[in-house]
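Enquirer: Given chain H, put chain D in place with the hints provided.
Sequence lines, in order, name chains H and D.
Just so you know, we're using the numbering used here here: the first sequence kicks off at 1 and counts up by one.
Just so you know, we're using the numbering used here here: the second sequence kicks off at 1 and counts up by one.
No wet-lab data here; the hints were simulated from the structure.
Note that CB positions come from ideal geometry on N, CA and C, so glycine has one too.
Each hint should be verified, as a subset may be incorrect.
[Unchecked claim] Okay, derived cross-link-like pairs now, SDA-like style, lysine to any residue, Cα gap no bigger than 20 angstroms in a straight line: (1) Lys-63/H with His-68/D; (2) Lys-41/H with Lys-199/D; (3) Lys-64/D with Tyr-48/H; (4) Lys-58/D with Glu-82/H; (5) Lys-199/D with Ala-104/H; (6) Lys-58/D with Asp-132/D; (7) Lys-58/D with Leu-84/H; (8) Lys-41/H with Lys-400/D; (9) Lys-41/H with Arg-404/D.
[As the list claims (entries may be wrong)] Which residues of chain D face chain H? A few of them, derived with a C-beta cut under 10 angstroms, are: (10) Ala-17; (11) Thr-60; (12) Lys-64; (13) Ser-65; (14) Ser-66; (15) Gly-286; (16) Ile-293; (17) Gln-294; (18) Pro-295; (19) Thr-298; (20) Met-321; (21) Tyr-354; (22) Ser-387; (23) Ile-405; (24) Ala-406.
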Amino acid sequence: MQKSLHISADDCTGCYQCVLACSDEHGYDFNPMKSVIQVFKFEDEGRYVPYTCTQCDEAWCQKACPTDAISVDANGAKVVSEALCVGCKVCTIACPFGTINYNADSGKVIKCDLCGGDPACVKACPTSAITFVNSDTAQFDKMRAWAGKTDAGTQQSN
Amino acid sequence: MKQADYVIIGAGPAAVAAAETLRRSDRDGTIAIISRENISPYSRMALPYFLTGQISQKGTYLRKSSEHYKQHNITLYHATVTHVDPQKKHLHLASGGRVSYGKLLIATGASPIKPPLPGLDLPGVHHCWTLDDAKAIAARAGDGANIVLMGAGFIGCIILEALMSRGAKLTVIEAEDRMVPRMMDDVAGNMLKSWCEHKGMTILTSTRVASVADAGGKLEVTLDSGDSDVVDLVVVATGVKANIDFASDMGLEIEEGIKVDHHMQTSLTDIYAAGDCAQGRDFFTGLWSVHAIQPTATEHGHIAALNMAGRKAAYKGSLNMNVLDTAGLISSSFGQWQGVEGGESAQSIDAERYRYTNLAFEGDRLIGALTIGRTDNIGILRGLIQSRTKLGVWKERLMKSPNRIAESYIANTQM
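So here's chain D without its partners, still in its complex pose:
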């Protein structure tokens, strides 16, 4: 039986951030990362750029040197964990082997959801989630290929451009009434839709796929309206769920993800969780949320590792935020952009130039923001929200001119 002082299940950003922090905090402890995919730890964020051919497979790796993990005395195992025994502190592997741990970090990430529709197991129907998925899509999405993309959420939108750049003809099917419904309000979601239509895509909102059927090597996609079309490839991007099935009978507290306290510890001793599979503290509510984004994953991993190594560190909670490039139109969202009861909001809309800023306030503090068509200094939105800066006179100035974001920060902190 193998054993390590620190065992990490999963090999994404949370896992790698944790392993590196563990090494910095504990020079001698043994650290093992167990990865289900037989490949150097890579970033799913980078897959769209692999799909366009902009980067090679190595370009997706979280750390570029092949010696990185060896240099830091971090052991990578390729194995699938089937079961954890928290009493004996063992992991059971699909291969039949076992690994014993001193402290365990579950950083297994998330997997795409496949809606319960006929035909989604046919060849030519793919998620865009793993490197293998990206390779399969690249093989079918050649010049002139007809593609249906199911889901105009974050992942759907981020691969739009990659698919278009391969010369494909693209139809996007979204069940909700706008694009990126969980990240964008209706002004922003519809601005994105109009942009994509101008780029030559067909965007069908408030529409569902009813079934997919084999059509002699191609795929016949039928919509709930009864319309159908024969296409070369169907990409399914209808959301993700935490990878926690293997942990369901361990006695962990689980809701949408594995619940962790502000030390990233689960309800069981010596077991921690981080990243997309963890339901950690939300910065605003103090309640538990899954924020499946890269910055949260690395923060979780870092805080979990400090605590695993015996250095008490408390997480302030994650702030939901995203930045999205939809075929060249850049949008971002931060915090509670929907606003809160009793709060105020300010909008600046320039539909013709595809520019939009929406700020949400509670009292004279910024609590959320949406932007389209601007990239300058957008990180300041995070800073203003997370530092709970009292804007003073700048609150009214921002209500009148929502784009004076950078000035409001600099005036409040640098002058």
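The following block holds chain H by itself, in its conformation from the complex:
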């Protein structure tokens, strides 16, 4: 069974432990700037919203990549090959979620890779705002609706 990150913004307290754990897991010590999960803070609304790649089916990043550097791993994550990425950044403008980003230190792009099937952000979250659940129950409904709006084409059923 494929698993996905499930984010429940209502349960997020804005502790940023997911962000620190993510950057550490990916070899950037504890540097929030290098984390591929972000927490957005909305002062007016008093809300925190964790935000990362949904591993969407459309995979704009993968389709736009000119060097075949993005592939799908056994966990269904779209992963970037550091060896093949040339750092052209086309994927960063193609992804309508803005969840694949350029990392100037490595000259490559970085994105959520689900940590090989054991996401560090999930382990670090003290309030279960981020969980790792079976894909058919994860329901990234809001992002999927967004994905549908941005899809390149509509396929007709006939």
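Expert: For chain D alone, coordinates are given in the frame of chain H:
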């Protein structure tokens, strides 16, 4: 005579995306890609990184496994198509052979324009367009070489760093009044210019090359001002045009490119077009535009292939967008960044730190954007524009603080 159910002319991203989609949609149909260059399909986008030595030739290939096309039962032919007969459904090849097709996709891309100036056929004058061009440039652009780059457009800017990194002394000549005039407004174009000057390049805007002449193995470049200089290499990057000469007498509707409907079909039955040679639907206007960018090429190829295989799919239209790394300064542009009549725009300018954001709105929807010096979450700009999201209260917040792009999206879609 050779024949295939699906014949694709061209071997760039549109062609490869189409061939793969065809294979997924039709397991048994025969698929042939006809390539003018005798090399595995590669990406021109990757050439600057080949030029710096960061990647090998194989690093530019669109698919890395040498068995990829064979595994998917896609046949690659090396040939030049000279003529298409849409009645008999034949292609004529320069070698004298013919290929018959069931459905044809024209994905021949574009070629660089050579301005009509004396001396541009001399040895040492190159475009940076093919792998062979990149190899020729690499051979001349050694440490301390003097180089003139004609054109500070998208392609010119993207090879700047590659040329500088080889230790060359670079002079850039741009006819317009700013760098990247078709992707950047004057604030952004001049920010790029200032950046490049600080990196040690000479940037001459509102300047034209008058002629190039042989100077004993080197090249004497004379400007319209009368100034001249002797250099080792001239790189010509003054724009591209669709590769459609071979199709001019087929009876296709052609303007700047081959006109296609929202199924990517041309004006002729069983003939489709995709990528830089196609003039497809524009996302905003619904009119026909050539958007010669990688994401449009792969989208075109994908949609064309679905329709060729008999699955009706309609294209929503392409959104013009670019991301550019000019010697380390990263800029992006999306959609109608010039704004529209009756619309509003908001700017955030920090010239000292080379940061700029310009957002264009129509009502409370984002329709275009320019950025310099930021890379975080920039894809959201595409998402906001293409989904036509109504920003509500965030419109005014963005008017005050244009850099709150990601928040405006998340607040409108995730909360």
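Enquirer: Give a verdict on every hint.
Expert: Hint-by-hint comparison with the structure:
Of the pairs offered as hints, the one joining Lys-63/H and His-68/D holds, with about 16 angstroms between alpha carbons and a cut-off of 20 angstroms not exceeded. Distance check on the hinted pair: Lys-41/H and Lys-199/D sit about 37 angstroms apart at the alpha-carbon level, beyond 20 angstroms; violated. As the CA atoms of Lys-64/D and Tyr-48/H are separated by approximately 42 angstroms, the hinted pair breaks the 20 angstroms bound. Taken as a hint, the Lys-58/D and Glu-82/H pair is honoured in the structure, with Cα atoms around 15 angstroms apart against an allowance of 20 angstroms.
Restraint check: the Cα-Cα separation between Lys-199/D and Ala-104/H comes to about 18 angstroms, which is no more than 20 angstroms; the hinted pair holds. Taking the CA atoms of Lys-58/D and Asp-132/D, the gap is about 14 angstroms. The hint holds against a cut of 20 angstroms. Simply put, Lys-58/D and Leu-84/H have alpha-carbon atoms about 10 angstroms apart, close enough for the 20 angstroms limit, and the pair holds. Only pairs whose Cα atoms come within 20 angstroms are accepted, and Lys-41/H paired with Lys-400/D is accepted, the gap being roughly 18 angstroms.
Between Lys-41/H and Arg-404/D the CA atoms are separated by roughly 11 angstroms; this keeps the pair inside 20 angstroms, and the hint holds. The restraint placing Ala-17/D at the interface with chain H holds, with a minimum CB-CB distance near 7 angstroms, inside the 10 angstroms limit. Interface hint status for Thr-60/D: upheld, as the beta-carbon distance to the closest one in chain H is roughly 7 angstroms, under 10 angstroms. Taking 10 angstroms as the C-beta contact cut-off toward chain H, the hint placing Lys-64/D at the interface holds, the least distance being around 5 angstroms.
With a cut of 10 angstroms, the hint placing Ser-65/D at the interface with chain H holds, because the nearest CB-to-CB distance is about 9 angstroms. Violation of the interface hint for Ser-66/D is found here, the shortest Cβ-Cβ separation to chain H being roughly 13 angstroms, above the 10 angstroms cut-off. Annotation: interface hint on Gly-286/D violated; nearest CB of chain H at approximately 15 angstroms, more than 10 angstroms. Of the supplied interface hints, the one on Ile-293/D holds, with its beta-carbon coming within about 8 angstroms of a beta-carbon of chain H, less than 10 angstroms.
For Gln-294/D, the interface hint holds, since its Cβ comes within 10 angstroms of a Cβ in chain H; the closest pair sits about 5 angstroms apart. Because the closest C-beta pair between Pro-295/D and chain H is about 5 angstroms apart, less than 10 angstroms, the hint holds. Here the hint on Thr-298/D is kept, as its CB sits about 5 angstroms from the closest CB of chain H, short of 10 angstroms. For Met-321/D, the shortest C-beta to C-beta distance to chain H is roughly 5 angstroms, which falls under 10 angstroms, so the interface hint holds.
The beta carbon of Tyr-354/D is not positioned within 10 angstroms of any beta carbon in chain H (closest approach about 13 angstroms), and the interface hint is therefore violated. Using the Cβ-Cβ criterion of 10 angstroms, the hint placing Ser-387/D at the interface with chain H is satisfied: the shortest such distance is roughly 4 angstroms. The closest approach between the C-beta of Ile-405/D and any C-beta of chain H is roughly 8 angstroms, which is under the 10 angstroms cut-off, so the hint is satisfied. Restraint check, Ala-406/D versus chain H: the minimum CB separation of about 6 angstroms is within 10 angstroms; hint holds.
Violated hints for the displayed structure, listed by number in ascending order: 2, 3, 14, 15 and 21.
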